[in-house]
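Q: Once you've looked at the hints, dock chain D against the given chain W.
Here is how the chains run, residue by residue.
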Amino acid sequence: MADLSSNFVGIKSPNPFWLASAPPTDKEYNVRRAFEAGWGGVVWKTLGEEGPPIVNVNGPRYGAIWGADRRLLGLNNIELITDRPLEVNLREIKAVKRDYPDRAVVVSIMVPCEEAAWKAILPRVEETGADGIELNFGCPHGMSERGMGAAVGQVPEYIEMVARWCKANTRMPVIVKLTPNITDIRKPARAAKAGGADAVSLINTISSITGVDLDSFSPLPSIDGKGSHGGYCGPAVKPIALNMVAEIARDSETAGLPISGIGGVTTWRDAAEFLALGAGNVQVCTAAMTYGFKIVQEMISGLSQWMDERGHDSVAGIVGRAVPNVTDWQYLNLNYVTKARIDQEACIKCGRCFAACEDTSHQAITMSPDRVFEVQDDECVACNLCVDVCPVEGCITMEQLEPGVVDPRTGRTVSADYANWTTHPNNPMARAAE
Amino acid sequence: MANSQMTRGIVSGRLPAETIARNFSDLHAPLDAHEAAVASDRCYFCHDAPCMTACPTSIDIPLFIRQIQTGTPEAAARTIFEQNILGGMCARVCPTETLCEEVCVREVAEGKPVEIGRLQRFATDTLMAQGAHPFARGASTGKRVAVVGGGPAGLSCAHRLAMKGHDVVVYDAGPKAGGLNEFGIASYKSVGGFAQAEVEWLLQIGGIDVRLGEALGSGLTLEALRKDFDAVFLGIGLAGVNALRAEGEDRGGVRDAVDFIAELRQSKDLTTLPIGRNVVVIGGGMTAVDAAVQSKLLGAENVTIVYRRGRERMGASEFEQDLAASKGVRILYNAMPVAVHDGEIELEYTVETAGSLKGTGERFRLAADQVFKAIGQVLAGAPSGVRIEGGKISVSGDGRTSVDGVWAGGDCASGGDDLTVTAVAEGRDAAEDIHRALIG
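As they're listed, the protein sequences go chains W and D.
Going by the working numbering, the first sequence opens with residue 1, and the numbers climb by one from there.
Going by the working numbering, the second sequence opens with residue 435, and the numbers climb by one from there.
Here chain W stands alone, though its shape is the one from the complex:
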């Protein structure tokens, strides 16, 4: 059986599945239940500085969007950092870590952008026996209006500065949590590295409004007829998170910087994808909030089965395996030619491929009176839309044309050679062939 144990910046956990800093990790009761269910670690919900705790709204904190059968696809929240006293959280963290020494307990922190504030809190967190800290520079709502959270994460100089303060004031590993509400995710990652951070974690939530109440015209979630943007997470954000993780993993300036992958991890497969794109472990929130802590059992069994089947014997061995394959568009092989293929046995004749291709693409699928759908290779540009809209997985696939075969659409013989845009004759910037 595959070894799922994880060592992330020296923090050990029996598996790479951590619960992200969020409502599920706000208190001892939940965290104990999570550990009993099998979670490898938690990032405790963000602590603020000493003093009166922050307050939350007393109306809805979450909004959502759904897919078919009301499957939750995206969740938005306007909850702030912990609203419980600092001492209570610290006491509970200490108790949990004492009882679960093999699990990772990382503490998320957000205090004002002054060194004194960080200096004050770090020893107290360290005293709990926690394994590390995560700097919450990502929260996009509420706290950012007070100069914290994403307000820090959007300014690379601040990230570097605070990371440096933390490294100077604690022996615990420092993970910087990044906000995706920024143009180029590599900039804050580079700043975190420059400040001496041990790792980055991403993504935090994305600024969002989940909907509008069409009777009251209030944004959702609605607080007395008004709404404020919240932070969006869940399956819908996974592709955005994957790209940002990959961008950092393949950036020469941050290459090798450990990454804790966050954003829509719902199944073992999602987790494996984050690992492959360079994440050393993953953090989960929405899936647990949707289905409860038990989902970790599927994540563990699924990842384990896949690793066994593919001969991957450690988590570390998977990390970054897809990173070399992430490239820029200009380097994609233009001599790679595929055509859609419809498995007539699997086809249930819904005709969605036809509608999609006929109405919105390249008129490359024909429909017979008895509802047989066939790809016309001379029109098919291999856009993949038919694959994407087909309700039967595996019914439509993309088949590569072998070198030497003539592509009926272009009339050109498929070449075995790799050729990309940088050398294409239509590219005015192309280097002269020689």
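Because the hints were derived from the structure by calculation, they are not lab data.
Take these hints with a grain of salt, some might be off.
What the hints assert, rightly or not - Lysine to any residue pairs mimicking SDA-like chemistry, simulated, CA-CA at most 25 Å apart: (1) W/Lys349 x D/Arg476; (2) D/Lys546 x W/Glu345; (3) W/Lys349 x D/Pro484; (4) D/Lys546 x W/Glu115; (5) W/Lys349 x D/Ala488.
A: Just chain D, lined up with the frame of chain W:
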């Protein structure tokens, strides 16, 4: 109440009132909003959808399901009613398992179709419960059309004509309009007086005058109607029944199934409706199943459907046959009646070779204090001068008969398949043709 299922003869009150009430409740309970949301999510919104093609009224099923899915069942109902003004009844009585749901791609893929019939009922019930009628009558054309027969074909025709602004008079022989919707459909498919409620709702369009107790041959003649109106539509159904041609057919206890069903539908108190202890239904169509199942639900101890051919030839759908079986009705295939005796029916096994049916000579008897004949209805009372073909009024295209200015549709006309939904389609299409003929 002294009677039970075992009481000999034909008596009422075989079952307690509560049991009868439960037996005759909705066959398919209506979907609630949550169930409708779950069911509508399963629709793939197929291109040129097979369900739509299979629907005799060509309802845009993917569109109406999407409208339910997006929280606008009223818009969904409008989509349905634009094609089929009796979409509420059709949602209840259509054999969807042999029409839209049979060809649903999810039936093909998973053996579990989208529940189109129940979703249609959800939409139509939602709109009808609001009491409003979704269509307005067009500006008056001054043209007058007579519709003979207030069943599904006639009502559908009348409504479409009224929409176009014509003045319509519907003549119906019965004491109520609705035709087979009111008198001929199994009670558990149309509970709560739905048929009459639907007629009243349909008539809200205005411009339709319903005259009851008037029929061709009793007060009406085609000649007079042609003289008084600009066009005539015949939707007179099949008023006659086939004879059993078995000895003893005239004995007491032998009865037409359609009469029994009509009496049952009109009964105010089913505990007073007499039914035999041993009931035999002769026939293989929907009427046979409706009569047999309802006999069982009234408390008959033994109910047997006797059909002269094999199962695959039976007119009732597989769903209907299974329904009968689940209610405890026995279906006997390849047997035909020979004679009705006192308390018994004598039957003979049959064999079908090269399409022709004959007795094997082997005879047997079943206890039968009541025998229902459900061996098909026939055209009766068609006006002379109208060409008849294969026992039905001959029509071409959009229901034109051999007589100028006279259209026909529904069960009485050639070409249909004796379904409510087909009658609705034919009535609608004839109305469109009448409109073209009158307005040009």
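Q: Indicate, hint by hint, whether the structure satisfies it.
A: Hints versus structure:
Restraint check for W/Lys349 and D/Arg476: the C-alpha separation of about 15 Å stays at or below 25 Å, so the hint holds. Of the pairs offered as hints, the one joining D/Lys546 and W/Glu345 holds, with about 18 Å between alpha carbons and a cut-off of 25 Å not exceeded. Under the criterion of a C-alpha separation no larger than 25 Å, the hint pairing W/Lys349 with D/Pro484 is consistent with the structure, at around 9 Å. For the hint pairing D/Lys546 with W/Glu115, the CA-to-CA distance comes to about 64 Å; that exceeds 25 Å, so the pair is violated.
Taking the CA atoms of W/Lys349 and D/Ala488, the gap is about 15 Å. The hint holds against a cut of 25 Å.
Going down the numbered hints, you'll see the structure goes against just number 4.
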